[in-house]
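**Student:** Okay, here's what each chain looks like letter by letter:
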Amino acid sequence: MDVVISGKNVRESLIRVSDALFENADYLTSLDQKLGDGDIGITMTKIARTLKSYVTEQPFEDIGKSLVELGLVINRNAPSSIGTLLSTAILRAGKVVINKKEISTGDLAAMLDAANNGIKERGKSKLGDKTIIDALDPASKTFSELINEGVNLNDASMKALQSAEDGRDRVTGLESRVGRASWLGERTKGCIDPGAEVFVIILKSIIGI
Amino acid sequence: MDVVISGKNVRESLIRVSDALFENADYLTSLDQKLGDGDIGITMTKIARTLKSYVTEQPFEDIGKSLVELGLVINRNAPSSIGTLLSTAILRAGKVVINKKEISTGDLAAMLDAANNGIKERGKSKLGDKTIIDALDPASKTFSELINEGVNLNDASMKALQSAEDGRDRVTGLESRVGRASWLGERTKGCIDPGAEVFVIILKSIIGI
Amino acid sequence: MKKLINQPENFVIECLGGLFKAHSDKLDFTEDIHCVVRKDAPIGGKVGLATGGGSGHLPVFLGYVGKGMLDGCAVGDVFASPSSDQMLAVTKRVNSGKGVVYIYGNYGGDVMNFDMAAELAELEDIDVRTVLVTDDIASAPPEEKTRRRGVAGMVFAFKIAGAKAELGGSIEEVVGVTERALSNIRTMGVALSPCTVPMVGKPTFTINDDDMEIGMGIHGEPGITREKLESSDRITSRMMNALLKDLGPSKGDKLAVMVNGLGATPLEELYIMYGKIFDLLTEKDLRVHRAYIGEFATSMEMAGASITLFRLDDELTSLLDYHAETPFFSQY
Amino acid sequence: MKKLINQPENFVIECLGGLFKAHSDKLDFTEDIHCVVRKDAPIGGKVGLATGGGSGHLPVFLGYVGKGMLDGCAVGDVFASPSSDQMLAVTKRVNSGKGVVYIYGNYGGDVMNFDMAAELAELEDIDVRTVLVTDDIASAPPEEKTRRRGVAGMVFAFKIAGAKAELGGSIEEVVGVTERALSNIRTMGVALSPCTVPMVGKPTFTINDDDMEIGMGIHGEPGITREKLESSDRITSRMMNALLKDLGPSKGDKLAVMVNGLGATPLEELYIMYGKIFDLLTEKDLRVHRAYIGEFATSMEMAGASITLFRLDDELTSLLDYHAETPFFSQY
Ligand SMILES: Nc1ncnc2c1ncn2[C@@H]1O[C@H](COP(=O)(O)OP(=O)(O)O)[C@@H](O)[C@H]1O
Ligand SMILES: Nc1ncnc2c1ncn2[C@@H]1O[C@H](COP(=O)(O)OP(=O)(O)O)[C@@H](O)[C@H]1O
Ligand SMILES: [Mg+2]
Ligand SMILES: [Mg+2]
Ligand SMILES: [Mg+2]
Ligand SMILES: [Mg+2]
Chain A
231 MDVVISGKNV RESLIRVSDA LFENADYLTS LDQKLGDGDI GITMTKIART
281 LKSYVTEQPF EDIGKSLVEL GLVINRNAPS SIGTLLSTAI LRAGKVVINK
331 KEISTGDLAA MLDAANNGIK ERGKSKLGDK TIIDALDPAS KTFSELINEG
381 VNLNDASMKA LQSAEDGRDR VTGLESRVGR ASWLGERTKG CIDPGAEVFV
431 IILKSIIGI
Chain B
231 MDVVISGKNV RESLIRVSDA LFENADYLTS LDQKLGDGDI GITMTKIART
281 LKSYVTEQPF EDIGKSLVEL GLVINRNAPS SIGTLLSTAI LRAGKVVINK
331 KEISTGDLAA MLDAANNGIK ERGKSKLGDK TIIDALDPAS KTFSELINEG
381 VNLNDASMKA LQSAEDGRDR VTGLESRVGR ASWLGERTKG CIDPGAEVFV
431 IILKSIIGI
Chain C
-9 MKKLINQPEN FVIECLGGLF KAHSDKLDFT EDIHCVVRKD APIGGKVGLA
41 TGGGSGHLPV FLGYVGKGML DGCAVGDVFA SPSSDQMLAV TKRVNSGKGV
91 VYIYGNYGGD VMNFDMAAEL AELEDIDVRT VLVTDDIASA PPEEKTRRRG
141 VAGMVFAFKI AGAKAELGGS IEEVVGVTER ALSNIRTMGV ALSPCTVPMV
191 GKPTFTINDD DMEIGMGIHG EPGITREKLE SSDRITSRMM NALLKDLGPS
241 KGDKLAVMVN GLGATPLEEL YIMYGKIFDL LTEKDLRVHR AYIGEFATSM
291 EMAGASITLF RLDDELTSLL DYHAETPFFS QY
Chain D
-9 MKKLINQPEN FVIECLGGLF KAHSDKLDFT EDIHCVVRKD APIGGKVGLA
41 TGGGSGHLPV FLGYVGKGML DGCAVGDVFA SPSSDQMLAV TKRVNSGKGV
91 VYIYGNYGGD VMNFDMAAEL AELEDIDVRT VLVTDDIASA PPEEKTRRRG
141 VAGMVFAFKI AGAKAELGGS IEEVVGVTER ALSNIRTMGV ALSPCTVPMV
191 GKPTFTINDD DMEIGMGIHG EPGITREKLE SSDRITSRMM NALLKDLGPS
241 KGDKLAVMVN GLGATPLEEL YIMYGKIFDL LTEKDLRVHR AYIGEFATSM
291 EMAGASITLF RLDDELTSLL DYHAETPFFS QY
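Chains as they are written, first to last, in the working numbering: chain A, 231 to 439; chain B, 231 to 439; chain C, -9 to 322; chain D, -9 to 322.
Since the hints were derived computationally from the structure, they do not count as laboratory data.
It should be emphasised that the depicted structure is a prediction, and the values quoted were computed from it without experimental measurement.
Ideal placement from N, C-alpha and C gives every residue a C-beta, glycine not left out.
Hints are supplied without guarantee of correctness; some may be wrong.
Claimed, not checked - Chain C residues, not near chain D, derived (Cβ > 10 Å throughout): (1) ILE33; (2) ASP117; (3) GLU156; (4) LYS235; (5) PRO239; (6) ALA281; (7) THR288.
Said to hold, decoys possible - Taking lysine to any residue and the SDA-like style, the derived pairs with C-alpha atoms no more than 20 Å apart in a straight line are: (8) D/LYS(-8) - C/GLU21; (9) D/LYS(-8) - C/LEU122; (10) A/LYS354 - C/LEU122.
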């Protein structure tokens, strides 16, 4: 029997995301200070605040429409690199389920895939550039495959998280090739990419662990 | 028998003044830091350097003419408040003995008086304003009186120095009423006026003690 | 670093508030206060020129909105990109039907947002073209020029594009001449002290009391080397060597020079640098057509300076000489 | 404070060297490099205007030599007066026969030297008049106005005198209108950090990390009170209260406002101050005719700002609006 995810479920998971971003703001900033300009904590706080107020006001009747709107509001409030990429991801994920009051695990897989493609298009970066993509792309692939194979939501999610963490760790030793961090060259080797870490944190809090 | 002062004597005393100003530059700066902008040491170093190079080059054949020229050169090289006043003083003192190859003690008294009046005119300040005047004016008066009374140069000079020191000390407890220090008001009470101290140092080194 | 501010969150809107109180005769905003435009925008028959970027760099970016320069600017938080819909609002307001050219510095957040704005504008039938400023030679080697950051050289790009548009150039012509200008523009900076983003409250980087960072970017991005502070002449010579090597001018070439203070460095020191630059150029038989010495692209209270060289041809010369008038920059 | 300099002793001459390399089309010097004059001086039939003072305040003083402003400036060492014969050389070069007006800040060294220069000039039959700038209300109470220091307000005095002379005013008229302008000009400053005179090598004063000094002069002269740093709005209100009390404008009066950065304070912060100033004036039914926001009279890398209010009548308004063009200041 297929799991069905309601607007209420989506709202609850977004509130968990908001809490997690608030909590991890300083930690993420410390990563961005090594690799970039140290503002990622400010961005995450802005996103967390936006999530909380938007989710509180919105019924998520039409899940897709609400997500598209949420994406736009996030861009307005947090237009840094990672903020813009996350807003693009949410907007693209929303478009996949426009008009839906409930979504299936198949929808979820399609949403993750759309988010992944959206970020790739917007950021023009690829696997191995040491960005959020290196966590998001493998997670999306794992999730889609497993859901396709009929694995249940919980197991598929946990495996996807594992892929995200592996992806994040795989690039830690590499040089950043995109964005501010790329100007640091050699000195980025061994530093965790803050954007990849953001995706892991978001995925964890969506799953609810 | 009257003492006669040669151009050579004048040169020697100016070299002593130069040495004393170099030596006291930091001390004087520390006084000006309390009362003004702390640049009096820079000014004294500039004057000392000017004195040394001018006196080395000039024969002081015509004592008056040399002093007038020296005054002008000092103004060019050290045009701060105290620098300008000292240059005026030297220039005015020089005018009194223009064309003279030797000067008498009476000339010396007239020179000191001219210097005193020159500084008063140029600076438009009066006794009690807590400036160089408060040391120079009483010293000049004492010296003139004693020389007039036939007291010898050495004794008259020592008494004049005593008057200069007393004058400097008399105003230390007062408020500065002129120049930068005047903007400090109350806070100047108890601080030695750097300009008055400069005159004491100069007089001492002219005398040769 | 101590600041004369109120709540850090209000830094940008209060700054913009003051701006509109001071310059309401020349500037206007559209939709929200972060969308700064010429009061007379759109100018009929003229290609629109828009820029955007983070706050904290005045006069960059909004300071170049005005006659003979830009038509509009989307303003972000300190050192942060404005949003795509702010840039879109600016785009719509400055479009007179002849299209809009975006000219801005090559930073990830800005590129993504302005690309989004351009896509959205195109849905509304506005022809948008983008010219990225990548003049900071310290940020990538010549082979990877497109990765370079945009710094003070963007002011020359604004000037050239602004004059060409004002003279009636088509969108292709404006883009073409601005790209040609940029291919002749090189910048390098040196930083002596950091600045503090009001909302962060601590310096963007730390640097020893006797150190300098040669090649540092205007948000405190890493430079080429950090070492003991040297004399102005020595620093200037090193930067000039790097710039001339990258630009490769020929004897007799005509240049414009910008000596730009990053914030705390006094004008006196910029003139000392310029004296040395002039001598070095003269030695190499290069002529200075115009010198711009002052604060054109800052990092709040950072101490340091950048040097920009701009090799001119005849058209670029006459466009550079064309008059301009903004509340922050005028030339007649 | 770290500086981009060479030998401290050469700070001023190297700065002037750079200046003449950059602006040889507009500026010239006479006798020695410290005597800066308009290239076209003397201007036949025009009253000559000269100023002078220490270095370290750019654009003050020499930055205001140019069309519609001053004819010449004698430049001293950092924070020190130029000599009388430097001022005399400037005086001779700018005199066209209609006499020369000295306009400068009320500092002892300058007064003595320029008085000397004036006496010497008179021996050569040049009619010299002096107008002292005493706009800093923090330096003495209203009863002792003549003891006050001259700070940023002098830029308005230069502007008014410059326009009046350019329009053919006689020496009496120039002096008269400049004095009337100055009787309507008041300035007050706040400092957050000190500056360092290159030859001294240590800061001119010390101030705690969380303190400010309200009323401090532009060489670090003592202000009215030193206390904990407050918000920009609060500081601005306090300074405005003091200025308005001293100036005593009536409802409906028209003012020019200058918000002047002392060196390290970013333009953004000056605009935040201006926003508050505008609101406070509007509340009191006072109108702003023109706002000048930027760096006009600095103290090298000092952090802080000053506010100048200038009450205008009809003649002063039209003189203020008159065009001016110097390498550091232009208005059309
Ligand atoms: N073009 C891009 N494509 C994908 N991810 C990117 C891109 N640029 C930046 N990122 C991600 O964003 C993170 C930095 O975000 P942020 O601090 O907002 O950047 P900035 O401050 O430079 O605007 C990086 O760690 C990286 O994961
Ligand atoms: N108008 C004046 N008349 C007499 N002496 C003065 C006058 N102004 C200043 N002085 C003397 O000069 C000293 C300060 O000299 P200086 O440091 O050169 O001043 P500033 O740096 O303000 O130009 C004071 O201590 C005082 O004795
Ligand atoms: Mg960042
Ligand atoms: Mg002094
Ligand atoms: Mg950023
Ligand atoms: Mg002084």
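**Student:** Now look at each hint and say whether the structure bears it out.
**Tutor:** Now for the hints, and whether the structure bears them out:
1. ILE33: Nearest chain D Cβ is 19 Å from C/ILE33, so the label holds.
2. ASP117: Non-interface label stands for C/ASP117: nearest chain D Cβ at 34 Å, farther than 10 Å.
3. GLU156: holds, 16 Å
4. LYS235: It holds; C/LYS235 is separated from chain D by about 22 Å at its closest Cβ, greater than 10 Å.
5. PRO239: holds, 18 Å
6. ALA281: It is violated; C/ALA281 is separated from chain D by about 4 Å at its closest Cβ, not greater than 10 Å.
7. THR288: violated, 7 Å
8. D/LYS(-8) - C/GLU21: Violated. D/LYS(-8) to C/GLU21 sits at ~43 Å, over the 20 Å cutoff.
9. D/LYS(-8) - C/LEU122: violated, 33 Å
10. A/LYS354 - C/LEU122: holds, 15 Å
Consistency note: the structure conflicts with the earlier hints numbered 6, 7, 8 and 9.
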